[in-house]
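If you want the building blocks of each chain, they are given just below.
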Amino acid sequence: MPFEMRLEPIAEPSLARRLTPPALAIVASFVVAALLALIAGGNPFAVFGLIFKGAFGSKFALLETLNRATPLIFTGLAVSVAFRAKLWNIGAEAQFYAGAVMTVVLGTGMLTLPPMLMLPLLAVTAALAGALVLLIPALLKTRFGVDEVVTTLLFNFIFLLFVSYLLEGPLKDPMGMGWPKSARLIPEARLPRIVDGLRLHWGFALALISALALWVIDRKTTLGFEMRAVGQNAEAARFAGIPVTKVILKTALLSGGLAALGGYSEVAGLKGSLTQDISPGFGYTGIVVAMLALLNPLGVVLAAFFVAAIFVGADSMSRAIGVPSYLADIMLASALLLMVLAILLTKFRVRRG
Amino acid sequence: MATEKRGAGQGEPVLRLLGITKRFGQVTANENVSFSLNEGEVIALLGENGAGKTTLMNILFGQYTADEGTVEAFGRPLAPGNPRAALDAGVGMVHQHFTLAGNLTVWENIVLGTQRLSERSLSPRAAKDKIRALSGKFHLIVDPDAKVGSLTVGERQRVEILKALYRDARVLILDEPTAVLTPQETDALFATLREAIALGLSIVFISHKLHEVMDISHRVLVLRHGKLVAERTTSETSREELATLMVGGEVRAPEFPAMPAGPALLSLKSIFTDKLFDLDLELCAGQITGLAGVSGNGQGALSDLISGMSTPLSGEMTVAGQTPKSWSPRAAIAMGIGRIPEDRHKTGTIADFDLTENAILETYPEGFSRRGWMDWARAHAHTEHLIETYDVRCPGPEARIRLLSGGNMQKLILGRVLEESPKIILANQPVRGLDIGAVNYVHSRLAAAREAGAAVLLISEDLDEIMKLSDRIHVISEGRLSPAFGRGEMSAAELGKWMAGEGFAHAV
Numbered sequence: 001m002p003f004e005m006r007l008e009p010i011a012e013p014s015l016a017r018r019l020t021p022p023a024l025a026i027v028a029s030f031v032v033a034a035l036l037a038l039i040a041g042g043n044p045f046a047v048f049g050l051i052f053k054g055a056f057g058s059k060f061a062l063l064e065t066l067n068r069a070t071p072l073i074f075t076g077l078a079v080s081v082a083f084r085a086k087l088w089n090i091g092a093e094a095q096f097y098a099g100a101v102m103t104v105v106l107g108t109g110m111l112t113l114p115p116m117l118m119l120p121l122l123a124v125t126a127a128l129a130g131a132l133v134l135l136i137p138a139l140l141k142t143r144f145g146v147d148e149v150v151t152t153l154l155f156n157f158i159f160l161l162f163v164s165y166l167l168e169g170p171l172k173d174p175m176g177m178g179w180p181k182s183a184r185l186i187p188e189a190r191l192p193r194i195v196d197g198l199r200l201h202w203g204f205a206l207a208l209i210s211a212l213a214l215w216v217i218d219r220k221t222t223l224g225f226e227m228r229a230v231g232q233n234a235e236a237a238r239f240a241g242i243p244v245t246k247v248i249l250k251t252a253l254l255s256g257g258l259a260a261l262g263g264y265s266e267v268a269g270l271k272g273s274l275t276q277d278i279s280p281g282f283g284y285t286g287i288v289v290a291m292l293a294l295l296n297p298l299g300v301v302l303a304a305f306f307v308a309a310i311f312v313g314a315d316s317m318s319r320a321i322g323v324p325s326y327l328a329d330i331m332l333a334s335a336l337l338l339m340v341l342a343i344l345l346t347k348f349r350v351r352r353g
Numbered sequence: 001m002a003t004e005k006r007g008a009g010q011g012e013p014v015l016r017l018l019g020i021t022k023r024f025g026q027v028t029a030n031e032n033v034s035f036s037l038n039e040g041e042v043i044a045l046l047g048e049n050g051a052g053k054t055t056l057m058n059i060l061f062g063q064y065t066a067d068e069g070t071v072e073a074f075g076r077p078l079a080p081g082n083p084r085a086a087l088d089a090g091v092g093m094v095h096q097h098f099t100l101a102g103n104l105t106v107w108e109n110i111v112l113g114t115q116r117l118s119e120r121s122l123s124p125r126a127a128k129d130k131i132r133a134l135s136g137k138f139h140l141i142v143d144p145d146a147k148v149g150s151l152t153v154g155e156r157q158r159v160e161i162l163k164a165l166y167r168d169a170r171v172l173i174l175d176e177p178t179a180v181l182t183p184q185e186t187d188a189l190f191a192t193l194r195e196a197i198a199l200g201l202s203i204v205f206i207s208h209k210l211h212e213v214m215d216i217s218h219r220v221l222v223l224r225h226g227k228l229v230a231e232r233t234t235s236e237t238s239r240e241e242l243a244t245l246m247v248g249g250e251v252r253a254p255e256f257p258a259m260p261a262g263p264a265l266l267s268l269k270s271i272f273t274d275k276l277f278d279l280d281l282e283l284c285a286g287q288i289t290g291l292a293g294v295s296g297n298g299q300g301a302l303s304d305l306i307s308g309m310s311t312p313l314s315g316e317m318t319v320a321g322q323t324p325k326s327w328s329p330r331a332a333i334a335m336g337i338g339r340i341p342e343d344r345h346k347t348g349t350i351a352d353f354d355l356t357e358n359a360i361l362e363t364y365p366e367g368f369s370r371r372g373w374m375d376w377a378r379a380h381a382h383t384e385h386l387i388e389t390y391d392v393r394c395p396g397p398e399a400r401i402r403l404l405s406g407g408n409m410q411k412l413i414l415g416r417v418l419e420e421s422p423k424i425i426l427a428n429q430p431v432r433g434l435d436i437g438a439v440n441y442v443h444s445r446l447a448a449a450r451e452a453g454a455a456v457l458l459i460s461e462d463l464d465e466i467m468k469l470s471d472r473i474h475v476i477s478e479g480r481l482s483p484a485f486g487r488g489e490m491s492a493a494e495l496g497k498w499m500a501g502e503g504f505a506h507a508v
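Line order of the protein sequences matches chains A and B.
With UniProt numbering, letter number 5 in the first sequence gets 5, and the count goes up by one each step, no holes.
With UniProt numbering, letter number 239 in the second sequence gets 239, and the count goes up by one each step, no holes.
Treat the hints with care, since some could be wrong.
[To be verified] Covered, in the sense of this in silico footprint (three residues per stretch, anywhere, with C-beta under 8 Å from a C-beta of chain A), are these stretches of chain B:
| hint | region |
| --- | --- |
| 1 | 328-336 |
| 2 | 350-356 |
| 3 | 360-366 |
[To be verified] If you anchor each label on the Cβ, the simulated ranges turn out as follows:
| hint | chain 1 | residue 1 | chain 2 | residue 2 | range |
| --- | --- | --- | --- | --- | --- |
| 4 | A | L121 | B | R371 | 23 to 33 Å |
| 5 | B | L104 | A | V149 | 23 to 33 Å |
| 6 | A | L121 | B | S150 | 50 to 60 Å |
| 7 | A | Q276 | B | S150 | 37 to 47 Å |
| 8 | B | D343 | A | V340 | 21 to 31 Å |
| 9 | B | T311 | A | V340 | 33 to 43 Å |
| 10 | B | L104 | A | L154 | 20 to 30 Å |
| 11 | A | F60 | B | G102 | 52 to 62 Å |
[Claimed, not checked] Only pairs whose alpha carbons sit at most 25 Å apart, straight line, appear in this in silico SDA-like list of lysine to any residue:
| hint | chain 1 | residue 1 | chain 2 | residue 2 |
| --- | --- | --- | --- | --- |
| 12 | A | K53 | A | F305 |
| 13 | A | K246 | B | E366 |
| 14 | A | K246 | B | W376 |
Note that these hints are calculated values from the structure, not bench results.
Just so it is clear, the structure is predicted and the values come from calculations on it, not from any experiment.
Note that beta-carbon positions come from the ideal geometry of N, C-alpha and C, so glycine has one too.
Chain A on its own, in the form it takes in the complex:
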């Protein structure tokens, strides 16, 4: 008789049962990476040492990691809040760009206000832009049952082409020597550094505050209760009188807004202007971050930090000993796959036959 497996649900997993598999997943992804580093001709211990040093080895390295984690916290939160309500937002990339575009539209001289007014205004308008970008697929889903996985994913490409058009046309910097980039933000529109002399801007603080706020919304507010109910069992939620459609639309606004804040933070805090490559896929990596965090808002902060550290560290390691920095992508991919397996193992027990 062939070997057959059966998954048996576990009624109430213990804390150890819930924490061990994810931890093993991380360890296993390191083992996979070590094998690949060997194949690429590097000593795995040296490779990991250099990755660690590149991510945390100096004040500069640590700040670089935190800067890299900032947009990932925003997109990770955007994805986790949507996924928790079973709204499959794959379009954080487009919403991120929507926030960035809105920031340069208003922040490059169209209006000038004191920073105390200018910065909140830009944040709010950027968030609204991102919210609207996700509202369209959400309406198509609730009205006509159009699958939002498809619409949000495809909208990423449309929006990136739209950004490209803007940067070659209406938003093109006249002083940019022909490069497709926007003009620089006026000084009033720049997010200041948290501590003078340290290269870390207030966008990072805003990301942490957003994570905390989302955690509070989840547990303490009516909206959070409704979002969880709709996500876990939409039919029971509808039967109980929860306005399911409204909750999905509110979730879409929140999710799109969070991703757009990432774009705002990246432009106003770090880059100062918009280029087409301002996001190396932050919207997509946000999905990885959210999954690694098991969709928990506070977990997103840790997961974003972990992902950013691997990317920053791998870049540095690659410069030092020439093992390709693609190792970072493989580590993330294997961590994610193993994590999905790990989640299964926290809920089920594998039995033979």
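Use these hints to put chain B onto chain A, whose structure you have.
Relative to chain A, chain B alone:
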């Protein structure tokens, strides 16, 4: 037709179940069920939802292991808990929900799983020839090269049957095969089945459609509450008798003293939906109105309508003297309708929410949130109160509700509903799957609500339950509602006639 069937099915037993018992926790799904199927015979397995038909078939097919009892096919015992054993012994099953791959062709679907991965070569031509031969022999017309995704439901079912025949099945088990078919397709299916019997196959036909059972079977086995309650030769029974056997009928009148009927709290006039036809219903204060009927005759549609999950195509609805402006679950709750849904796992509760969250699911906007913030302290206190008042046995208000037994889950739902002092109570199958203690508890609570002046609609497929509790009884059949019958006015057999569709003025 009966004469034509007489004499068939006298061959050797091909399938024999002996003393099958299966328990899930406190609930016994099958209790000491024994029967045998003879060569060339069609037996019908008749029973309501939850009577234990599916569990029995899952035991036969190795999905479950029986706690007691054995299964024999062609005189040899089947290894318990092994899905292949039945297939290898020549027993094939056609599931209610098809197990076909839409993007593969008919022949690929049929061949799928007949070979081990280690055998590489397969001759499509030989396979297709065999399928064509079977097609012709059993009148199962279907093109082996067609994609399954492009087939009609009736054609897909033929593929399922061919799949079983291709594996040389000599016993076919059909689980509610006509549920998805048009009348013409049903006729075609029955022609195929008669052909199969003539060629020596044997069939177990699972259904709750009485006329089909009368039409196709030689013998009828009736399951109720997991027990085999009756066995009849089809030619010697009637639809009415079967209906009564299926739903019970030992009880004659309610246990509670009669009360004068109060004003109508909910009235429906000339309601039409896609499942209900010209339906009039009044629910009066201080009365339990029972809705009897064989499942799938419009109970779900009526329940959805009253609970706010759907709106009628036409007709009038009055709730406590008012015509609702718009109709939704929230409107139903706001107008004083307490709802106990049919499926407490899928509709009534959110499995991974704790007791508190489930307890306030319907009432949080009014009672447990202020300006957008949840008042968890109050919610906990409320839940503690429900747990105590309604005797919910649980680890505490913070336990996830899926850890509770069905009875305790139902008590929490009951508490959630009754604590709001609803004027109207919709109780759809409120005791299905509960143990006897929980059944009595739920019934006494519903009776107490009636005495407090609520109008209760009790929907049940168990006629005993209906007769035990109801002041008035309606029978629903094919979306039509019978007149109201008073306490003890009708015997179970008379109600059985209405359930079988007799007595209605207009046909549908």
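Hint check results:
1. 328-336: Check passed, 5 qualifying residues.
2. 350-356: Per the Cβ count (4), the hint holds.
3. 360-366: Satisfied; 4 residues make the cut.
4. A:L121 x B:R371: 23 to 33 Å: With a Cβ separation near 26 Å, A:L121 and B:R371 satisfy 23 to 33 Å, so the hint holds.
5. B:L104 x A:V149: 23 to 33 Å: 24 Å, holds
6. A:L121 x B:S150: 50 to 60 Å: 57 Å, holds
7. A:Q276 x B:S150: 37 to 47 Å: At 44 Å between Cβs, range holds.
8. B:D343 x A:V340: 21 to 31 Å: Cβ of B:D343 to Cβ of A:V340: about 29 Å, so the range 21 to 31 Å holds.
9. B:T311 x A:V340: 33 to 43 Å: Holds: the Cβ-Cβ distance is about 41 Å, inside 33 to 43 Å.
10. B:L104 x A:L154: 20 to 30 Å: 28 Å, holds
11. A:F60 x B:G102: 52 to 62 Å: Holds - the Cβ-Cβ distance for A:F60 and B:G102, about 57 Å, lies within 52 to 62 Å.
12. A:K53 x A:F305: 15 Å, holds
13. A:K246 x B:E366: 18 Å, holds
14. A:K246 x B:W376: 23 Å, holds
This entry satisfies every hint, going by the numbered hints stated previously.
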